[in-house]
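*Asks:* Here is what each chain is made of, one letter per residue.
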Amino acid sequence: MFTLLSEHAALVFAAVAVFCVVVYVLADGLDLGVGILFLAAPRDADRDVMMASIEPVWDGNETWLVAGGTLLFAAFPAGYYILLPAFYLPIVTMLFALILRGVAFGFRLQATRFRLVWDIAFAGGSMLAALCQGLILGGLIDGVPVADGMFAGGPFSFLSLLGLMCGVGLIGGYGLIGAGWLIMKTQGATQIFAREIARAALILVAAAMLIVSVWSAWSVPEVAARWFSLPNLVLLAPVPLVTVAVVVTMWRGIWTGPESRTFLLSLGLFVLGLIGLVVSLWPYVVPRSVTVWQGLADPQSLAFIGVGLAIVLPIVLAYQAHAYWVFRGKTGSGHGAYGTDPTPAGRRRKLP
Amino acid sequence: MDAVALARLQFAFTVGFHILWPTMTIGLAWFVTWLSVLWWRTGNPVYRQLMRFWMRIFALGFGMGVVTGIVLSYEIGTNWAGFSRSAAHVLGPLFLYETLTAFFLEAGFIGIMLFGEGRVSRGAHVFACAMVSVGALLSATWIVAANSWMQTPAGAVADAHGIYHVVSWWDVVFTASFPYRLAHMVCASFLTVSFVVAGVSAFHIWRQRHVAASRTAFSMALWMALILAPTQIALGDLHGRNTLEHQPTKLAAMEGLWETTRGPAMTVIAWPDMATQSNLYALDIPHLASLYLTHSWKGEVEGLKAVSPADQPNVPVVFFAFRIMAGIGMVLLATAITGLVLRLRRRLFEARWFLWLAMATTPLGFIAVIAGWTVTEAGRQPWLIYGQLRTVDAVAPVAAGAVGASLLGFFLLYNVLMLAFAWFAGRLALAGPADLPVTAPEHPGLDGTNLGRRSASSPSTSLAPATPRNPQAAGA
Ligand code: HDD
Ligand code: HEM
Ligand code: HEM
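Protein chains in written order, with this note's numbering: chain A, 1 to 352; chain B, 353 to 828.
Just so you know, not all the hints are guaranteed correct.
What the hints assert, rightly or not - One side only, chain A facing chain B, incomplete, derived with CB under 8 Å:
1. T70
2. G102
3. V103
4. P155
To be verified - Selected chain B positions facing chain A (Cβ under 10 Å, derived; list incomplete):
5. V418
6. I428
7. W432
8. A433
9. T453
10. F776
No lab work stands behind these hints, which were simulated from the structure alone. Nothing here was measured: the structure is a model prediction, and the numbers come from that model. Built from N, CA and C at the ideal position, the CB exists for glycine as well.
So here's chain B without its partners, still in its complex pose:
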């Protein structure tokens, strides 16, 4: 393999590994904040129990996010020097702002968030959690802005040497695809975390351990999922229509559409064959794609053949990655709706098959995120800056051997990291939220009412003496 292919492989591997952790931590940070608010306002110890539990898992994921992120910020220079030279005046500041934001909000408050509970007032803890959450969100905003600029460049012009100079920072940050990509990414993170929380809670309910806390978390997570799953699909639809407008070739690859067509069919499944420039074994539903892409029966959609084969992305990769993502979206929606039905029948915590289903959905969000980014990134090939800079022209003058060796190193090291993470986080997750000295109320949230309010006035307050300011009290 040449240095370009190796560098692409290495970048895809390292960034794909990195994205897992922000996906987890952006959502978890808000979940922990919300638990901290509930604990602050209601004094129900179940919330503190859950908050501590998820905070520990958050801490491990956060560490992974930081170490793998550092790698990326150097990799852009080591592997993509041509790209850095072209885009530094535009993307350098965006990356710097990412770092500064992370620095400012996360580094400052994360200590209070993780270690301050019980030492600072509950309100102050809520504030620290909120700042960390905002920081994670802002970090993601800058990075997605940088990526969106590469997808739909604006606000900068290239000079004779191919170096971009910014004309308007506003246009650079708020490019055409930025709002959609950001909303879809953030929603993806929340949705993923909902199912992680649901899955882990389902495990404990199934084992009948930590029942009160796990039921509360399970119920909260499924409410979230019920809102987020359809939202994510709607955002995905909007995102796709934006792609149709700005990157028609990518969209055609996602749809497996070769000819420019009026009123195109939806291809449910097929083998897109690049050699013959057509679909083999296609299963089509007439006019459906036209409906969701153009919102009309006979809208025109550009096909892949509008560009020469050399300018097409790898169609099967984009095509199948898209189906994996959208399929998972549907599965998650179905799971959330099933949860609602069971809840209405008051069997949410009893139906064991549903607990199993919830456990099985735990990793799906992450898979969808990777698939989604594969669609985005593989779909814009052969361009790195869409329509302007080709990936082959962006690589650094480094030897293939060095890139290959470091790729191997990353591969080994990241697998070790993953194992270590799985070991420690898995142990935490399987051990579950620490039980309270006295049993907390049973069946919280069964009726779907705000459990916090209910229990604040009844049993729980008298059960566990709430002494939040004494860190030793609940640690045992």
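One chain only, chain A, in its complex shape:
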């Protein structure tokens, strides 16, 4: 067992890293999504409910971003020290956006005045974070200039139309997850709003996925070679086909299907997109210059972190699943954790 693990260390740790990214994207996707839809909601009461619905889970979600970053540093250092400088501006901007958003989240609940300012910060931060993630994604597909094992481009080399397209796609995609979440977690007017906006988000994300796929196949020869060479074409055909099926099913079920369907299908859509991405980029940590085998950390470092990961990750997943379970069901505006008495927010709400 142990020798098997160490022989396939690169695969195991790549799988763990991809897993962290998937969990991050799915989990933070739902609360970024709620943020993206935030200003579109017609009434202030909707916004209260929307925030309350993600309150118990959002900061747990964001820790996966830290886990992903440090895991990259520890397990695939080359990925870390080449990609982070390469995506300097979008990463820093994303961090700004996430901070702004987190702070707006905390302070909106406490503020009586300037609510609109915090609303805008929350929604704007969420959108900006999604856009930056999209730019990074597009840049990865496009490839990163490397010389002598270090990043060799300029501060704006990450910028590409593909990246912008990915950014738009992610805004739509997160918005879709967020809408699905709200359909599931809310009722009445807020739910109706969520159903309405889900359609728009779905159109946006489907269009973006299509454009990004075609465009990257057309502009990046390596990606085209991966998908359109012969056994691959047949083996990989299910990915786009299932994607189309998911989109169609979702479209038809937004108003009529079970309340959790849109949410689950939107998560499925993201997983499919990520599978497509892994197919396009495998086996590189730094696209087309450093493979997972070349970028891997020392065995003694991997063994050291392997122990911690094997113990902590399952427990953390269980916790977070538990948190979702505890807060299952519909959200009422006063139901979130902050809504009970230990916080000033709770006190404020109780005042006449």
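Please arrange chain B with the ligands on chain A, whose structure you already have, making use of the hints.
*Replies:* Below, chain B with the ligands alone, put in the same frame as chain A:
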């Protein structure tokens, strides 16, 4: 400015901003835990009142710690790619363990700590608080281990490309300076928090509001300070002797000592002039430095000139930062002792000038922490990994413009954060612990006995109906 200078400035700014919050939360977490224990064991509602109050401030500080910490974990890659390449196999796992620990203990229990009071049993709440506190402490342990490895590297060897590979994890974590640095940092956090609690309580005593709770907290905080202030100075002394052994140049910069000397004097104050390699306007006390550094009258201490000027750190920065830290240590000790004297004379809560003094000490711990880290970090320059990797070789291949722009962004954003924090935490702190429906006992702790035990048997139990399991009861 070039990218190196900007990157250093940016890192110093962001890490210096980050460290404020862990300093606050490591100590506050334990304070809240202790209050939760007291409430559990004694049932005295004053403790619950205080626990809720400090828990809210803790929650705000914790949030700030997390968001600013995330920035750092990415900055090591964005700005210090050369360093990341060299040290990733060594430091990557330490940082990952920091995250995992924080994940494991903090993320899991913090919800119960902050929102579970009144919903879970009191014992369970104590347990959750303790887990969060342990988690914060472990996080700090990993980070300090990483930093100590950079100060006194061991347990890893560099290959031909300058990339470090670990030989022994034990040696990497338990480096020569690690125990001292960790103990001094943790004690710093506790000491800082003692004076924050004392200062805020003094404010309410002075305003004569929330008197029972504030007196209890004031008394507790000053007892803590009385123990911690001398401990911190003793730990600092040990830390300095460890530095003398492993980083003599840094120590010489702290002391402002240029020549290698037998039985060196202590330079109380001077202007260390790097151009002439000597002190201007020096005020010296003969042999004193020899006494506390080598514990002998004529011990030999290496001076700055033992290395070429190019390998010296910025001496005035280290020299003055050290004096600020040690000076604050002395001020805090004096304040704690004054508190004891007043307590023995039973005037602790009456002497208004002392309440003012306590309020004035509130920010000092934070300033000392920043000064201390400046000594540590500026003092090891020009090395990033001491004696092995130079800071100039560690920077990332990013354009100065990008680093400068992001530095400006951080500067603006962090100022907004600070303002928002000051606004909300300040409002909480100034509003004070929520008063109980019925007045709690007066003069708790005046005689220095355990107030909890006393009041559990007398007035308070009959005053507030203790219904901890009903969250609505005390919220109003
Ligand atoms: C409340 C905060 C506080 C206070 C009152 C003091 N310190 Fe300190 N000091 C720190 C907080 C701190 C710190 C922030 O925790 C540092 C930075 C890195 C570290 O390990 O601890 C530090 C570093 C530090 C170093 C640098 C060690 C190195 O990196 O080589 C020395 C020699 C001392 N301290 C010594 C003292 C002395 C002699 C003090 C009192 C007279 C003192 N400190 C008070
Ligand atoms: C001696 C210096 C440092 C200490 C003592 C320290 C300690 C802590 C502590 C106790 C926390 C928990 C949150 C809180 O209680 O506020 C925290 C958060 C964090 N710190 Fe630091 N830190 C230090 C420096 C750094 C550095 C240099 C990095 C980056 C490499 C870093 C990265 C983080 C991260 C990512 C978090 C958030 C973790 C989470 O999600 O809970 N810290 N730090
Ligand atoms: C949290 C408390 C800390 C504070 C307040 C602090 C402060 C500073 C300061 C003032 C500098 C600039 C020194 C100079 O250029 O003159 C610096 C540099 C640096 N520190 Fe720290 N530091 C802390 C902890 C850490 C930790 C835990 C690490 C990593 C494990 C770290 C790694 C570095 C690095 C990589 C640099 C940049 C290179 C350099 O200029 O030395 N620091 N820090």
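*Asks:* Should the hint that F776 (chain B) touches chain A count as held when the rule is a Cβ pair under 10 Å?
*Replies:* 6 Å, holds
*Asks:* Hint validation: P155 (chain A) versus chain B, beta carbon distance must be below 8 Å. Holds or violated?
*Replies:* 4 Å, holds
*Asks:* Given G102 (chain A) as an interface hint, is the shortest Cβ-Cβ distance to chain B below 8 Å?
*Replies:* Since chain B brings a Cβ to about 5 Å from G102 (chain A), closer than 8 Å, the hint holds.
*Asks:* Any CB of chain A closer than 10 Å to the CB of I428 (chain B)?
*Replies:* 7 Å, holds
*Asks:* Have a go at the W432 (chain B) hint: is there a Cβ in chain A nearer than 10 Å to its own Cβ?
*Replies:* 8 Å, holds
*Asks:* Using Cβ atoms only, decide whether A433 (chain B) comes closer than 10 Å to chain A, and label the hint accordingly.
*Replies:* Holds: closest Cβ of chain A sits about 4 Å from A433 (chain B), inside 10 Å.
*Asks:* At a threshold of 8 Å, is the proposed contact between V103 (chain A) and chain B supported by beta-carbon distances?
*Replies:* 6 Å, holds
*Asks:* Taking the least C-beta to C-beta distance, is T453 (chain B) closer than 10 Å to chain A?
*Replies:* 8 Å, holds
*Asks:* Hold the hint about T70 (chain A) up to the distance rule: shortest CB distance to chain B must be less than 8 Å.
*Replies:* Given a least distance of 4 Å, the restraint on T70 (chain A) holds.
*Asks:* Taking 10 Å as the limit, does the beta-carbon of V418 (chain B) come near enough to a beta-carbon in chain A?
*Replies:* 7 Å, holds
Of the numbered hints stated above, none is contradicted by the structure.
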